[in-house]
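> Spelled out from the first residue to the last, the chains are:
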Amino acid sequence: MSGRQAIALVARRELRERLRSRAFLLSTVLMLALVGGSVALGRMVETERTYGVAVVAPAPSGLGSALQRAAAPFDARVRLRPVASAAAGREELAAKRVDALLLLRDDRLVFRSNVEARLAAIADTAVRALRRHLPPTAELATATLEPPDAEATDAATAVAYAGSLLLFMSLAVYGQWVLTGVVEEKNNRVVELVLSAVRPRHLLAGKVIGIGLLGLGQLALVAGLAASLLAAGAFDAPASLGGNLVLVVPWFALGFALYAVAYAAAGALAGTQQDASSVGQQVTYTMLAAYFLGYVAVAADAEGTLAHVLTVVPLSAPLVLPARSALVGVPLWEHALAVVLVLASIHALVRLAGRVYARGLLHTGPRLGVRAAWRTGQKT
Amino acid sequence: MQALDDCSFSVARGRTLGFLGPNGAGKTTAMRAIFGLVEPEAGELSWDGRPIGPEERLRFGYMPEERGLYPRMPVADQLEYFGRLHGMRAGAARAAASAWLERLGLGGRARARVEELSHGNQQRVQLAAALLHEPELLVLDEPFAGLDPIAVRTLAEVLRAEAARGAAVVFSSHQLDLVEDICEEVAIVDHGRIVATGDVGALRRRSRRRRIELELDGAPAAWLPGVPGVELVERRDGDLRLVADRDVDPERVLQEAERAARVVAFSYAPPSLAELFLELVDR
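For the record, the sequence lines run as chains U and C. Throughout the first sequence, residue numbering follows our numbering, covering 1121 to 1500 in sequence. Throughout the second sequence, residue numbering follows our numbering, covering 62 to 344 in sequence.
Hints in this document: simulated from the structure, not taken from any laboratory. Any given hint might turn out to be false.
Claimed, not checked - Looking from chain U toward chain C, a few residues come up when the C-beta cut is under 8 angstroms (computed): (1) VAL1149; (2) VAL1310; (3) LEU1313; (4) LEU1315; (5) ALA1317; (6) ARG1319; (7) THR1406.
Backbone N, C-alpha and C define an ideal beta-carbon position, used for all residues, glycine too.
Working from the sequences, and respecting the hints, build out all of it.
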């Protein structure tokens, strides 16, 4: 039997046994409910806002009141600012004295750099209502004065931080599953029978892949729901952010492979269940440190040197890259470098963990140090 | 730490080898080494003249000393899983699992989770997991430990049948009468070294000692045969158990006895496996 077959068998068992468990079903439902709930919550906390809109004088009569009427359902108000010409209006817009410039002659609504979805909807409704007496019915085209600027919008920030938090939590939860799985196998002694037929590194790989696929499926479901809600405009944010959210999924796969292997090795080295949680904590704390460092660095300056470095450092890349990608965009070469470095680390870690794993799994009694396990561990 | 040193023994297809030794002698370590669970620093393990590697091990069956199965996994699924890990196809593994469950009297418990079974029944599942894939070599670490007499008989039958099928069977045990009953060969290990290995009968005959049993009627209370090289092992009522050097002539002991009392029974034989064991691992 080839190694791949053995890995597939182990992974399949992990998947099947865990899909049977109620805990998995419950956590999936819970996460989906969280995403759905955040939409409702977002709706509730949306604040009233007053938009300034420049319009070339003379403004058609009734425009002001039509705008107010259209704005009411959005909990917003619109303040009209007549300007002498389109050029003057652009100046006002550029100077940030208004939020948009309405050019009725061109059927255009011009924003500074980012299209404000709520205001665009209000203006569109108002103009259409106004023109019901003046056929043909027209809709407004939106435009921006400058190319969409690199400065992050609130929505992008939310997606970035929610995405990396989701990632961090998924990594921790599924990593913990790997840890407990390994310790259980060791504690109920079945591991000796398994290892009589399967090489330790294949058992390790199968376990990580099986649990990882499960996590990936769950995360894809949740991120997919969030992305489609974004696309449907439920979050009042540009739909393109959905793409950044989906980036969370492949980075979960990479991040999980990295951290799960570490969790598995920790489980193999632990003597008892209590021991396992304390060894597991070392991995969790490492990940937590990477997460917070990434959070602080990106929040301080998403284009700063530290943020750039953390984007490619394997331990933090999975947690930082999707966030920065949502906030400021990450060049392709940085994506590529991060992926290559993470893959290389996974390869190295699997070799290390495979050896430690083999030795640790059959070791009972006090916790085994990594160094001792490596020294006496066999080449797997 | 060195657990094994100079530990050579072999077993052929269709033969059964009892692997004996006091606790801590290195039996489990030797068995684990067969499965690559510990790596010997020196020495070699071979099967059919080739070094034992992962491919060979798939054709071996193992029952570790530390029993263990997945507690929440149904019995039949579990056996199918282990069969497949040994390279069986899904259908064949399923069929073999249900055949073994039937044979071991667990036919009705295929869907039960392992943790729902009694300890004895878990042992049977463990045995099935070792046998499912028709191994060429069967290695069982203390398979008789903790079994009731009925289960002992079943297991002895299974082991004989496995050897008859052509498997090489190795098992460790402290129940030496059982070993003597089932095995053609033994290997006795002490302090990590093999102190004796080979055919049970030949080993017994090769011993430098002989056992003599006497049943006397009317012998003086403290009577002993005055023959050099003969020692008392046990005296109960009129029965004496003696151990003699191999070159002591049993005729002389018998003549001495007849002079002292009426001899009801007299026997002279090589030591039993148990006596041989104690002789060899004498501490």
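> If you test the structure against every hint from before, which numbers come out violated?
1 and 7
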